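There are 2 protein chains.
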Amino acid sequence: MKKATFYHAGCPVCVNAEHELLNLVDSSKIDIEVVHLGEQKNKIGDAENSGVKSVPALVLDNGNVLHINHGATMAEVRG
Amino acid sequence: MKKATFYHAGCPVCVNAEHELLNLVDSSKIDIEVVHLGEQKNKIGDAENSGVKSVPALVLDNGNVLHINHGATMAEVRG
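Protein chains in written order, with our numbering: chain R, 14 to 92; chain P, 14 to 92.
It is possible that some hints are incorrect.
Copies of the same chain look alike in the list, so a pair counts if it works inside one copy or between any two.
Claimed, not checked - Okay, derived cross-link-like pairs now, PhoX-like style, lysine-lysine, Cα gap no bigger than 25 Å in a straight line:
1. K42 / K15
2. K66 / K56
3. K16 / K42
4. K66 / K16
5. K54 / K66
6. K15 / K66
7. K16 / K56
8. K15 / K56
The hints are simulated quantities; they were obtained by calculation from the structure and are not laboratory data.
Note that the structure is predicted; figures quoted are calculated from it, not measured.
Produce the complete structure using the sequences and hints provided.
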């Protein structure tokens with residue numbers, strides 16, 4: 014089972030992307046953890062260290078980051 | 014079966030995103046057509062009409078467009 018982390022910040026772009034993406038993926042092949050950075054600000058550093066520049070973004074366990082549309086920069090999330 | 018179109022232009026960002034995305038999706042739920050706009054320039058208009066601003070992008074059959082990372086703008090693809 015592959016693992017991935019979907020980072021978002023609750024913005025409309027994020028919520029839409031999350032909904033579309035979770036509808037597409039094969040949940041038997043990949044386990045996606047959803048992290049709301051607005052509510053879990055202590056995870057912003059983890060996201061940045063993984064290469065997340067903006068949200069929403071999906072970090073894959075091979076290290077690749079898929080930035081999907083553009084909701085907010087990490088600076089905006091940090092507030 | 015849902016349908017979607019993945020537009021790309023053969024760039025490294027595009028090819029990487031295509032590879033990652035096609036690995037994630039549930040092919041029993043969604044049928045993804047891959048269109049290489051560098052080779053099929055006659056489809057650039059279709060892509061723009063669907064709301065594609067840059068490639069790689071995934072256009073869903075509900076009209077939503079997921080722009081994934083950033084390989085090239087449509088103007089760059091048009092050349």
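Worksheet item: Quick one: K66 to K56, C-alpha cut-off 25 Å, is that within a copy, between copies, both, or neither?
Response: Within one copy, since 14 Å is at most 25 Å while 31 Å is not.
Discussion item. One pair to classify: K54 and K66, alpha carbons no more than 25 Å apart. Within, between, both, or neither?
Written reply: Within one copy only: 15 Å inside, 31 Å across.
Worksheet item: Taking 25 Å as the upper bound on the Cα-Cα distance, should K15 and K66 be classified as within, between, both, or neither?
Response: Within one copy only: 22 Å inside, 30 Å across.
Worksheet entry | Intra- versus inter-subunit Cα pairing at 25 Å for K16 with K56 | Within one copy, since 17 Å is at most 25 Å while 35 Å is not.
Fill in: Same-copy or cross-copy closeness of K42 to K15 [CA-CA at most 25 Å]
For K42 and K15, both the intra-copy (6 Å) and inter-copy (19 Å) Cα distances are at most 25 Å.
Worksheet item: When no copy is specified for K66 and K16, does a C-alpha distance of 25 Å or less occur within a copy, between copies, both, or neither?
Response: Within one copy only: 20 Å inside, 29 Å across.
Item to complete: Check K16 against K42 for me: Cα-Cα at most 25 Å, and say if that holds within a copy, between copies, both or neither.
Response: Intra 9 Å, inter 20 Å, cutoff 25 Å: intra and inter.
Item to complete: Can you give me the call for K15 and K56, within, between, both or neither, at a CA distance of at most 25 Å?
Response: within (21 Å within a copy, 34 Å between copies)
The earlier numbered hints are all upheld by this structure, with none contradicted.
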